Amino acid sequence: MSIQESKGKVIDLGEGISARIVKEKRNNVIGRVEYEIEVVHIGRGTPSLPALRSKLAEKLGVDVKRLYIRKLQTEYGIGVSKANVNVYDTPERALYFEPKYIVQRNKTLQEEIEESEEGEGRG
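Going by our numbering, the first residue of the sequence shown is number 88, and it counts up by one from there.
Please note: incorrect hints may appear among the correct ones.
So the derived label-pair ranges between C-beta atoms look like this [what the hints assert, rightly or not]:
no. : residue 1 : residue 2 : range
1   : S105      : V149      : 16 to 22 Å
2   : E205      : G101      : 26 to 32 Å
3   : I129      : D176      : 32 to 38 Å
4   : E198      : G148      : 15 to 21 Å
5   : I117      : G164      : 33 to 39 Å
6   : Q191      : K96       : 15 to 21 Å
7   : K187      : N114      : 33 to 39 Å
8   : D99       : K169      : 15 to 21 Å
Here are the simulated EDC-like pairs of lysine to aspartate or glutamate, each with C-alpha atoms no more than 16 Å apart in a straight line [stated by the list, open to error]:
no. : residue 1 : residue 2
9   : K169      : E111
10  : K152      : E185
11  : K158      : E185
12  : K110      : E123
13  : K142      : E125
14  : K146      : E125
15  : K142      : E198
16  : K194      : D150
17  : K152      : E111
18  : K158      : E125
19  : K169      : E201
20  : K187      : E199
Think of the hints as simulated: they come from the structure by calculation, not from any bench.
All values reported here derive from a predicted model rather than from experimental measurement.
Glycine included, every Cβ here is placed at the ideal spot set by N, Cα and C.
I would like the entire structure built from these sequences, with the hints used as guidance.
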């Protein structure tokens with residue numbers, strides 16, 4: 088599914104969670120697509136950032152290292168969260184523009200494992 092085809096459509100993320108792209112904007116200067124997404128998780132807790140990031144990357148057909156969730160805000164008792172998501176043209180651009188705390192917050196378990204293995208190889 089291309090990014091243009093996905094606008095306004097509901098994406099099933101599995102485990103009773105779905106996402107709807109509310110707004111999509113291309114930022115050519117930075118080299119990214121900026122999304123506003125509604126994540127519906129009625130009867131469930133708010134999904135973790137790393138899990139949501141992995142599922143969104145898979146469903147949008149992009150590398151997880153290019154996708155970062157800037158904000159995930161849930162209103163109490165509704166089971167709907169609003170997310171601001173950036174999808175960069177390259178992983179290098181993502182690391183250049185995203186603050187370090189956003190990169191840390193979005194790390195998946197796989198990325199943490201890879202990072203620790205690199206650290207062991209250097210020591």
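> Can you name, in rising order, the numbers of the hints this structure does not satisfy?
Replying inline: Of the numbered hints given earlier, those the structure breaks are 6, 7, 17 and 19, listed in rising order.
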